[in-house]
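Colleague: Heads up: the protein sequence lines correspond to chains A and B, in order.
Just so we're aligned, residue 2 is where the first sequence starts under our numbering, counting upward by one.
Just so we're aligned, residue 7 is where the second sequence starts under our numbering, counting upward by one.
Quick caveat, the hints were computed from the structure, so don't treat them as lab data.
Quick caveat, the model's predicted, so the values are computed rather than measured.
Don't take every hint at face value.
[Unchecked claim] Some chain A residues close to chain B (C-beta under 7 angstroms, calculated; not the full set): (1) S56; (2) P57; (3) E58; (4) S89; (5) P92; (6) L93; (7) I95; (8) G96; (9) I168; (10) M170; (11) G171; (12) E172; (13) H191.
[To be verified] Residues of chain A clear of chain B, computed beta-carbon distances all greater than 12 angstroms: (14) Y12; (15) P103; (16) A301.
We treat Cβ as the ideally placed atom computed from N, Cα and C, and that holds for glycine.
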Amino acid sequence: MFDALGNLIAYRLLGLSAQGQWGPALQFFIADSVKIFVLLVVVIYVMGLLRALLSPERVRSYVRGRPAWLARLLAIALGAVTPFCSCSSVPLFIGFVEAGIPLGVTFSFLIASPMINEVAVVILAGVLGWRITALYVLAGLVVAYLGGVVMERFRPQRWVEPYVWEIHMGETPLAAGPQGLLERHHFALHEVRQIVGRIWRWVLLGIGVGALFHGLVPEAWVSRYLGDASNPLTVPAAVLLGIPLYSNATGVIPVAEAMLAKGVAVGTTLAFMMSIAALSLPEMLILRRVIRWPALALFAAVLAVAFSLVGWGFNLIT
Amino acid sequence: MKQIKVLGSGCRNCQTTYELIRQVAAEKGVEISLEKVEEIGRIMGYGVMSTPGVVIDEQVVHSGGVPERRKVEGWLG
Numbered sequence: 002m003f004d005a006l007g008n009l010i011a012y013r014l015l016g017l018s019a020q021g022q023w024g025p026a027l028q029f030f031i032a033d034s035v036k037i038f039v040l041l042v043v044v045i046y047v048m049g050l051l052r053a054l055l056s057p058e059r060v061r062s063y064v065r066g067r068p069a070w071l072a073r074l075l076a077i078a079l080g081a082v083t084p085f086c087s088c089s090s091v092p093l094f095i096g097f098v099e100a101g102i103p104l105g106v107t108f109s110f111l112i113a114s115p116m117i118n119e120v121a122v123v124i125l126a127g128v129l130g131w132r133i134t135a136l137y138v139l140a141g142l143v144v145a146y147l148g149g150v151v152m153e154r155f156r157p158q159r160w161v162e163p164y165v166w167e168i169h170m171g172e173t174p175l176a177a178g179p180q181g182l183l184e185r186h187h188f189a190l191h192e193v194r195q196i197v198g199r200i201w202r203w204v205l206l207g208i209g210v211g212a213l214f215h216g217l218v219p220e221a222w223v224s225r226y227l228g229d230a231s232n233p234l235t236v237p238a239a240v241l242l243g244i245p246l247y248s249n250a251t252g253v254i255p256v257a258e259a260m261l262a263k264g265v266a267v268g269t270t271l272a273f274m275m276s277i278a279a280l281s282l283p284e285m286l287i288l289r290r291v292i293r294w295p296a297l298a299l300f301a302a303v304l305a306v307a308f309s310l311v312g313w314g315f316n317l318i319t
Numbered sequence: 007m008k009q010i011k012v013l014g015s016g017c018r019n020c021q022t023t024y025e026l027i028r029q030v031a032a033e034k035g036v037e038i039s040l041e042k043v044e045e046i047g048r049i050m051g052y053g054v055m056s057t058p059g060v061v062i063d064e065q066v067v068h069s070g071g072v073p074e075r076r077k078v079e080g081w082l083g
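Next comes chain A alone, as it looks inside the complex (with noise of 0.2 angstroms):
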């Protein structure tokens, strides 16, 4: 439905070649950019109906004091459902520190929390199919869980700025969330317009983005230096490129279909994703806040390492 509009407007009405450069290009703009904008009010407004206002003030309420391999399955669990901008991360970086949740877990969250959203694997599904998003989804929860564990593994306290020992933290009874059915409407009418309005750009940018890459690149070209599984240096190559890149998780589907459309490896497309959506260096800069470099340095390293297995894994048996 989505391309036939595409192709409505970019051959028929604008006269564009299918064949050549700028047509392909356009009409995956025209096509992906209706079908995400649909799917994500769709999607945000289904979500605002039915959550019952998980936030991180009950995640932390619900993680602390349990037995570590359980308080990081909880945490990993909420951390992919639970919304949270990462104007966030300092307070919840506090909050789990000042209720002794211990640090790994705490990167376990802060791994899990952008990279695995229910908007992006809904959208992901209604772009990719289902069986690349379970990939996507398994992958990250497990990346998560194992990143936390190896960052527990270095004694990261000893990077963590002295102040942050001393908060503490005041207990609030917090506000009830929507209740009735029409405030649950006006609730989730609200949350799209603030979702929406908050990564329309990333989304427009990553549409953008796939749609030049769709039409300009060569096949040949992708086939010759992404496409081959075999080659193992595409994958730490596509993680080190996604580092400095920073997208929300939804604005780098449309780059990815157009990877995979072109042909380039699926370990490889599933790798970059991540690599843009959970490391980036404004969050690097927000938790610099709490956490000294080293710290971070690590943080990145552990995550790159992780991406670049998962990418290779998935090259293998793909």
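Since the structure of chain A is provided, determine the placement of chain B on it from the hints.
Modeller: Here is chain B on its own, set in the frame of chain A:
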């Protein structure tokens, strides 16, 4: 007069929340004292981890995002 505080470490959503409350109060002609709390120790002191948060007369009434306009109108009503 209501004492309203917006908790947040200076991100854009916190700014939006502050402006929204100021604007609604001005429209309704309600006099309030509005303050931005940016110091992390004080924010956490209210038990809030997800910013922006809103505190009215030392009670946390909202956290984790820009509040709905209707909600703000309710507070000032």
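Colleague: Under the criterion of a CB-CB separation shorter than 7 angstroms, is A/S89 in contact with chain B as hinted?
Modeller: Status holds, d = 5 angstroms.
Colleague: So, as I understand it, the hint says A/P92 touches chain B; can you test that by seeing if any CB pair is closer than 7 angstroms?
Modeller: With a closest approach of 5 angstroms, the A/P92 hint holds.
Colleague: Against chain B, with CB atoms and a cut of 7 angstroms, does the hint on A/I168 hold up?
Modeller: holds (5 angstroms)
Colleague: Please check whether A/S56 passes as an interface residue: C-beta within 7 angstroms of a C-beta belonging to chain B.
Modeller: With a closest approach of 5 angstroms, the A/S56 hint holds.
Colleague: Identify whether the interface hint at A/G96 stands, where standing means a beta carbon of chain B within less than 7 angstroms of its own.
Modeller: holds (4 angstroms)
Colleague: Please settle this one: A/Y12 was flagged as non-interface, so is its CB more than 12 angstroms from every CB on chain B?
Modeller: holds (40 angstroms)
Colleague: Would the stated hint for A/E172 survive a check requiring a Cβ distance to chain B of less than 7 angstroms?
Modeller: holds (5 angstroms)
Colleague: Please settle this one: A/P103 was flagged as non-interface, so is its CB more than 12 angstroms from every CB on chain B?
Modeller: holds (17 angstroms)
Colleague: Against chain B, is A/M170 within 7 angstroms by beta-carbon distance?
Modeller: Holds. Min distance 5 angstroms.
Colleague: So, A/I95 near chain B? Judge it on the closest CB pair being under 7 angstroms.
Modeller: holds (6 angstroms)
Colleague: With a cut-off of 7 angstroms, does the beta carbon of A/E58 approach a beta carbon of chain B closely enough for the hint to hold?
Modeller: With a minimum Cβ separation of about 5 angstroms from chain B (threshold 7 angstroms), the hint on A/E58 holds.
Colleague: Hint A/P57 vs chain B: min CB-CB distance below 7 angstroms?
Modeller: holds (4 angstroms)
The earlier numbered hints are all upheld by this structure, with none contradicted.
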